[in-house]
Structures are given as structure tokens and as C-alpha cells.
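Engineer: Protein chains in written order, with UniProt numbering: chain L, 1 to 305; chain U, 1 to 198; chain C, 1 to 647.
Hints were generated in silico from the structure; no laboratory data involved.
Computed from a prediction, not measured in an experiment: that's the story for all the values here.
The beta carbon of each residue, even a glycine, is placed where N, CA and C say it ideally should be.
Please note that a few of the clues may not be correct.
Footprint (simulated), chain U over chain C, 3 or more residues, beta carbon under 8 Å [said to hold, decoys possible]:
| no. | segment |
| --- | --- |
| 1 | 202-211 |
| 2 | 237-246 |
| 3 | 252-260 |
| 4 | 264-274 |
| 5 | 614-626 |
Pair by pair, the computed Cβ-Cβ distance ranges are [as the list claims (entries may be wrong)]:
| no. | chain 1 | residue 1 | chain 2 | residue 2 | range |
| --- | --- | --- | --- | --- | --- |
| 6 | L | D72 | C | V34 | 51 to 59 Å |
| 7 | C | S483 | L | G275 | 35 to 43 Å |
| 8 | U | V115 | L | K244 | 43 to 51 Å |
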Amino acid sequence: MKWALLSLLFTIATVLTGCEPLKVLDPKGPQAATQAKDIMLSIGIMSIIVLAVFGILIFMLTKYRASKQSKDYEPPHIEGSLLVETICVGIPVLIVIFLSFVSVQSNYKVEAKPAGYGDKEPLIIYASSSNWKWHFSYPEENIETVNYLYIPTDRPIEFKLYSYGPITSFWIPQLGGQKYAMSDMVNTLHLAADVPGEYMGRNANFSGKGFAENTFNVKAMSETEFDKWVKEVKKTAKPLTEDKFTELLKPGHLGQSTYTGTHLGFLPPPEGEHGGHNHGSGHSMNMEKDEKASETSSESEHHHH
Amino acid sequence: MKIDNSLPLEYSTDENSNKILGFWIFLGAEIMLFATLFSAYFTLVDRTGTGPTGAEIFEITPVLIETILLLTSSFTIGLGIHAMRIGNKKAMLAFFTITLLLGLGFLSFEIFEFVHYVHIGAGLQTSAFTAALLTTLGTHGAHVTFGLFWGLFIILQVKKRGLTPETANKSFIFSLYWHFLDVVWIFIFSFVYLKGMM
Amino acid sequence: MDFFDRFAIPNPSPVIYASMVAIGLTVIAIIAGVTYFKKWGYLWQEWLTTVDHKRIGIMYLISALLMLFRGGVDAIMMRAQLAVPDNKLLDAQHYNEIFTTHGVVMIIFMAMPFIMALMNFVVPLQIGARDVAFPRLNALSFWLFFMGAMLFNISFVIGGSPDAGWTSYFPLAGTDFSESVGTNYYMIAIQIAGIGTLMTGINFITTILKMRAPGMTLMKMPMFTWASLVTNAIIVFAFPVLTVLLAMGTMDRLFGTHFFTTTNGGMDMLWANFFWVWGHPEVYILILPAFGIYSEVISTFARRNLYGYKSMVGSMVIISLLSFLVWTHHFFTMGQGALTNSIFSITTMAIAVPTGVKLFNWLFTLWKGKIEVTTPMLYALLFIPTFTIGGVTGVMLGMSAADYQYHNTMFLVAHFHMVIIPGVVFAMLAGLTYYWPKMFGFMLNEKIGKLSAWVISMSTLLAFIPMFFSGLDGQARRMYTYSESTGFGPWNMVSFIGAAGLAVGFALIVYNIYYSTRYASRDISADPWNARSLEWATHTPVPSYNFAILPHVKSSEALWDAKKHGHELFPGEYEKIHMPNNSGVPFIMSCIFFVWGFSFVFSLWIPLILTTIGIFVCMGLRSFEKDHGHYISVDEIEETENNLRGA
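Sequences are here, hints too, so could you generate the full structure?
Structural biologist: Spelled out as C-alpha cells, the structure:
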């Protein structure tokens, strides 16, 4: 009964997945592809283990049920056998070694600039969260968006993540796994999109009342289209002032909006000299910092990448 | 209760030896407690925010006096237990009293030190560093304070009831506690103060 | 009026008001009932002041079942809210409070007391002891746990529930983002219960190391006792970390310190690290006793000795060591870099090896056995496949690069429920059914028992397997709602059906208890399962002194030796038995602790100071107290033994 139900469940699942692939297993960029490959590989190996355990269990249950044995059968005393236990240790050890090998390799892959784009400079985007929004600053292009993200395809993207509040987690499943955005340090997440399209992005780490709606839209497009968009923003969008940004930071939900300029100038991210060590009394104090000085520092920041 | 006279008084019943083992295990937990405080301290030691650093507030003289007082008290309680083992109740009580007085001296200096820190703007709320520092020191200080009352109760009991398996057991366990606080202080002295002043 | 405002609920709803009324009526009903039946004396003398490990075990059990109900109701509400897209059953705030309390209640106030219940009841019997090493401390442990649990549970009717997740990550849990007193409850209630747990750890290590029956060397201890020893060692080393962590969190919230804040050098990552330095070992604190129960049950009903005793012990010791070396895998995504992640990825996956050894040893215990499928055995047999699914997904989560995709998603939620429910809950239900006759003198109905085992295990699969898929499809955990376009709807509907099935399963267990209490035969032997270890060698009901003569042991299956190989278990004559006296101090001191905690939660400083003094006065009184226990005379023992034998 149990097994029937279980296999039924898996069949339903496969049928459903057949219709529309699960996002994580439908990668649109190299990092997500690495992760999807690891996931499928581990599912494969783990299924063998599950099947082995199920098999042994069914064998034991069918063969050694009391109802199948004579009344006066006395089970023997068996201490254990070195050979059997060595196998029970040995095979898992081999599997763990193999998976460790795979895991370590992938770790270095996802923590580095995505491979396969020659020596194209990565596009740097500062992604910061505030309750319950995402702010995307493009220092190179000198524009900023709220709750939506446009990126060029076929170019590595380097996200600089931090938070104006609780810990959040920046996640675009189809482009790659997530990473935390925190208030006292900047995390780097390397992603890239190979295929133009619209993707779901969200904060994955619980951050209070507005967490469920803490999402953003991602649109990947060709580089020429991206450049066109940047130009248009520069022509049409209003400048992002300090007052405006303070208003944006207030807790709540907002729609999408676009600005010229970024907040990086008047409100530098917690990296380098602004990191956790020297944090004074939060961003309100840092606001008074010299705009020019920090702008040059953020520029020099992406020169050495 | 069966009393086994081949063993020292504090170990002489099953209950007594259970209590001593139990207390050792408790000290294991205490080691973890202080280890956690130390790791918090070392993580936060440079995160001084707008407040002062350790080098700016630490002063060697009171700390040295505290150290000498506590180290001496660890020695005197050892003498107290020795006196207990040879059945000299009077000497034991004397040494225990000296121990507690030294502990009280330590505590006075520590309170004085705390007041000084708050005075110069290194209070509990100043920065992550001061919070970790004062919490670590404060936890140790609270242990000493607790020990003063505990030790006093034991002195009263030994005085009234004499050296029985029960009182000897309590006194011995108290001495373990006191030595432990001394060991913790040595760590505080070396890794909080000395390292902080360098 | 301002003073009373603080006790109001910040986010009221009709359900909460209804609960208030229900709680009030229940309390009145209990007080009226006890008064009407004139049971106050009985309650005080036999239960509130008891130091008997068996009674304390039963009180833990009752608390665990109550908390299972509370946590279960939370679970049902969550699954109902998520069953369909854009559901308006709960709003975000209530959903957040519910999943927070669900987590805390299930881990700290349900699973912990459940293992404590079995450890308390079984371990002294299994090692042939008359009680634990420090019976009064044991009572204090229980009452501290109980008061902590009660304090936590009143949060939703007085002042507001915690709403920052059971992990309570700062800065979210700090006063900037969690203004209500809810998170104070979290900090202080868990602290009080945690102190009790730490004392249990010390108590049981001492008990197991010092009070075993003659002949029972360490390697002749029954497996549940081994599991308890290792578990308590983990408790002693892990719980002080929690103590410090919660103290720091409390100070940040109430005294304005900057341990985890975003300003003045505070470090939010420190909370996450310390939390999991305690939190991961905590997982093994729960699972190892469960493994112990399975070892007992499987070997009893395979009618065979446990396969690979030594490797069973060895693997537990290795698991306990590794449990302290994997905490970072709870936040691979915090940005510590590829090297750190690689190291913790490997230590994490390494835990699969000793766990696998245990799994295979259970399977080989079935080999050449004579398997009898009773209710406890059915739970054990259902545990093996379901837990394997949960376990292997754990290995998958351990691969850190891939974990970037699993982290914070329903995949993770599915994984830990698929290890904790089969691992811990099935084991506790197996243990409950297995030890029920020893505790209460009658057996639970097998038919209803087996039905509930099937319903619960199938519902577990139904509730949690879909989450693996919705997680891989991008459903983050802790979302109170989702839109239809996400496509998560069907998965969550199936989960809801599974959760409802679980509710039915647990209702069946309650019905079984009711049914068996009314109809089951009281005429059972002391060893109704034909078991192998010492707890079945004494009478049912167990006399207060457990064993009239201390048993002599020559293997890990002392009773089996006596039954099959003519081993003499109880050599010698009756002697007077020394027993500890009952005491009201643990209960009273814990009540003071409750008021202390309540004052702390609401920053009522004067009662806080008074109760702090009260606590120290209790300790001082204990120091001066002369309590040498009492003796049970040989005549009395003879009378009790004859009565029990006659029964």
C-alpha cells in the first residue's frame, strides 16, 4: 500500500514537472546550470541509496516475518561482522568523497566570475534591500531602479548585496542561487544570463511583515537593447536625491520606479572604510559624508574588477 | 547512607561521589559558557563603533591587584581543603574566611573598575566591544558574588555541624568552583587585558 | 491605564479572543474540578512535589502531548492559509506569529519533553537504578521546563507572540524591527526551559556513569541508555551556548546593548553563528534518543539481539562530535567564501556515514529474525524508508553550491520535516506505545495503533513530498501568501491534505488512549512484549523503589539472559532501601521563575528584583536544609512485592 502510494506520488510529480519545468531545474545562466547539474547528479546517486534501503527492507520483511517461520524458530545471536560493517561504512564514504569533490569544485565555480564570456568586464550592480523593497544601483551607468532589474545577456554580472534592515537574501532561481544581504557588510554574488527573458527574483530570507511580497522582476535582454534602455532612463528619469531616497527607505511596499544617479554617493554601502568595524550610528550619520569622495571610491571599486 | 571510611570524607558516600562527578560535569558546561563569551568577545573586540578601544580604557594597576587577590584566594582555599582533609576544622574555617575576604577584595576592585569604565564613556550600551567586555567580566564577577554567599553558607554549616561527609562534600565542591573561577580569570587577564593593552 | 496597555495584544483577532476565553474557562474548569473532587492534596503530594523519575517522566509526557496539540494547531492553520493562492484566512502578522511559535513549540516544548519523558521513565529502569543521581534536581528540571513552556504559551494572549521566526535572526528580532514584547517571551521562556534542560544533562550523565547495576559495564548498557548518555553529553556542551546567546539577545532588546544591532559595531552574523552552534547539536539531541528507541523496538520485535552493537555506539559518538562541526551549513549563503563552505560541506556530508551505519545495522537486525509487526515496530519499519528520504535530501542540502538554491525554500522545510517527523515523532510514538503498559498498566489498542501509524506516515509523505517540488520551483519558506501565477497552488493543496491527514492520525492516537483506558485489560504481565532489557524485569506498575533487589547483569540483554539462559537476575536478600524525600521547593522555585520571567518580559523591574531574591532564597534554604531521605523497611518491601506478585 505504502509503496503504491509512494510511486503514485512520484508519477504525479514527474507528470507535473513534465508540463512546466521547476524553475531551479530550468537554468538560464551558467551558475544556475552548475547548480542544477549538481542537484540532478545528487538526486541520481541518492535515489540509488533510497532504492537500496527500500530493497533490503522489503527483502527482510518478506523473508523474516514471524508468520512465515515455524513456531519454534529461535533467531540466532549475531554480533555483527567486520566485513559487512566495512562495506556499510566504505560505500557511503566513497559516495561522500565523490560528492565532496563535486561540491568543492562547484563552490569555486559559483563563487567566481561566470566562465565562458572571455574577458568581458562584469557589470556591477549594487542590490540593496530595505523593508520591503529592492534598490538596484548601476554605478557605471549612474542610474538606479526600485523593484525591477534589467540586465544584459552574455555578460557576467557582479551583484553587490547589502541591506538597510533585516538580513535578506537575493535570489533569482533561474540565474543562480541566493546570497544574503546584510547591514554591516557587502556580499558579492556572481550571476549571468544566457537567454533573454523575464525571470522571478525575490528576497528569500524572512524579513517581517512584508516579506511575502518582497519580490522584483528581472528582465534579461541583449546588450544593445540594454544600452538603449540606459540611454532612455538617463533622458527621462528624475534624479535620485537624498530626500527621495530617505523616503524610499521607509517601510512599506512600492511599485517600480527609475532614477538617474545612485544612492551610493550620499549613502555609501558598508564596504571598505564603511564596513561593520567602523560603523557609527547607522546610515543617518553616513549621510553627511562627502559625496564626491565616496563617488570616486565606488568608481575605483569597479576599476580593479 | 553507607560511609566508606577508606575514602576521603568528601567522597565517602555514593551520594557524595555522585555530587562531585556531577559538579565536574557542571564545570564542563561552565567552560562552554565562558568559551562562548570569549568567542563573542574576540569577534567583537575591534568593533568599537563610536566608543573607545580596549587599549584606551584598560589600566594595569587595578587589574594586577585583582589578579593577585584572586590567585591568592585560590591558594588559600587549597590550604583550607588540605586542613579539612587532616581534620583541622579551625584552620579550615580560617582559610575559607581568608578566601572569601580576598574574593570580596577582588569584587570591590572590579566594581570600582566598572564604575570607572562607565564614567569614562565605556558603558554597556556604548558599543559591541564594551557590551562584550562588560558581559564577560560581569559574568565572572557574578560568579564570584554568588561564590561569596555560597562560601559563607558553607562556613556557617561547617561551624555549626562540624566536618561531616555532607559538609566536607559541600566544601570540596565549593573549592572546585573557586579554583575554576580563578582559571577563568587567568584567561581574562591574559587574553582580555594583556592582549588588549598591547 | 498606561501600565495595563502593555499587556494588550498588538494584533488582535477573533481567534485570539476566542482562545483567551477558552484558556480562561479551561483554567477555571481545572481548578473547580480539582476542588470538587478534593484532589488538591493528592495533586500536591503525589505529583507537584514528587521526585520520582517515573512520575516526572509521565508529567513530561503529558506536557509534550499538550504542546504537540498546540504546535499541531499552528501547523494546520499555516497549511490552511497556504492551501490556495491569495488566501485571506490569516494576515502576514498572524502567519508570522504562528510559524514562529510552531517552530519553538515543536522543537523546545514538544520534542524535548518527549525525549525527556522517555529518558526519565526508562533510563533508571534500564540500568537497574532506584532513581536518578539527583532526584530533586530532576524535579527542578521538569518544573523549569514546564514554567518556561507556560510562559511561552501565554504570549499569544498577553502582550503578543514572537514573530521573528524560531531562529530569531537579528536585526529582525531586535527592537528596531520587532517592537512588541513577543521576542522577549522567546528569549526568556527558552532561557528558563534551557536551564532545566542543562540540569537534566548533568543529572543523567552522572546517573548513567555512576548508578548502573552491578556487572553493567559501559559496553553492556542497552542502546537507549547509550543514546541518552551521548545526548546528555551534547546537552551539556551545547546548551551553555544557548544560555549566553539568549542573554545577549535579551540585553540587546531590554538593556540597549549592541551585540547584534546594526549600529555601534553590532554584528548580526554573530547571532546566526551562535544560534546554530547550539542549534545543530540540538537536532542530534532530539534524534539520538529516537535512534535509541528504534534500537530497542527493532531488536525486541525482530526477536534478535541488535546487530553491530559496537558500531552503533561508535557511530553515535562520532555523530555527537560531528554535530558541533557543521553549524555553518545553516547559512552557506552568508558570504564566507568557497573555502569555508567547502570545509563545512564535507563535514556535513560526513554525518551521513555514521547515520548510514545505524540504518544498515537496523536492517541487519531484521536479518534472520522473527519479525512481529506490532504498533511500535510498525512505526520503526515506516521510519526507515521515510527517514531515508529525509536523510538523503540532507546530503543534497550539504552540497553548498547547490544549497544556494535550496536555502530558505520549501525544499529545506520538506527535508527537516522528513527527518524530524519520522526520526523523532515516529520514535516518540513508538516509545509511547511500547512503554505505555509499563507506565500505566494496560496496553494501547493494537488495531487503532497500527491504523494511526499508517495514517500518520502516509500523511507525512503527502504533506511534505510536494514541498520538495514547490521549493525547487522557487517557493520560499515563511511566505504567508503567493499569487496564482506562481503555480505553487496544487503543491500546497496536496500539503494541506497531508496536514489534515496528520491531524486525523493524532486524533486517532487520542481516541486510542481514551478507548484503551476504558476497555483494555488490566491483567497484563510485567513483560508484555517479550522484551530483552531490565526495564521489563520489574513489576507493573513499577514500585517506587523500582527493584526490590538490585539486578546483576552480564550482557546488554539482561532480561533475555534470565529468560533464555537461566541467568540469575536478582541474587541476594531484601535490604532496607534508601529513597529521597519529596519536596515542594522545585515547584515553588519554578513558580517564582515564572513570575521572574513574566516580569522580565514586560520590564517590570521591581517584581523582577523581588523574584530574583526569591530564587536565591530558595537556593539558600536548600543549602541549609538537612534532608537525608527515608528508608523503606524490609517488611514494607516484602508486603509491596507480595501484593504486586499477586496482582
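Engineer: Next, verify each hint and record whether it holds.
Structural biologist: Hint by hint, here is what the structure shows:
no., hint, result
1, 202-211, "holds (count 7)"
2, 237-246, "holds (count 8)"
3, 252-260, "holds (count 5)"
4, 264-274, "holds (count 6)"
5, 614-626, "holds (count 4)"
6, L:D72 - C:V34: 51 to 59 Å, "holds, 54 Å"
7, C:S483 - L:G275: 35 to 43 Å, "holds, 38 Å"
8, U:V115 - L:K244: 43 to 51 Å, "holds, 47 Å"
Violated hints for the displayed structure: none, as all numbered hints are satisfied.
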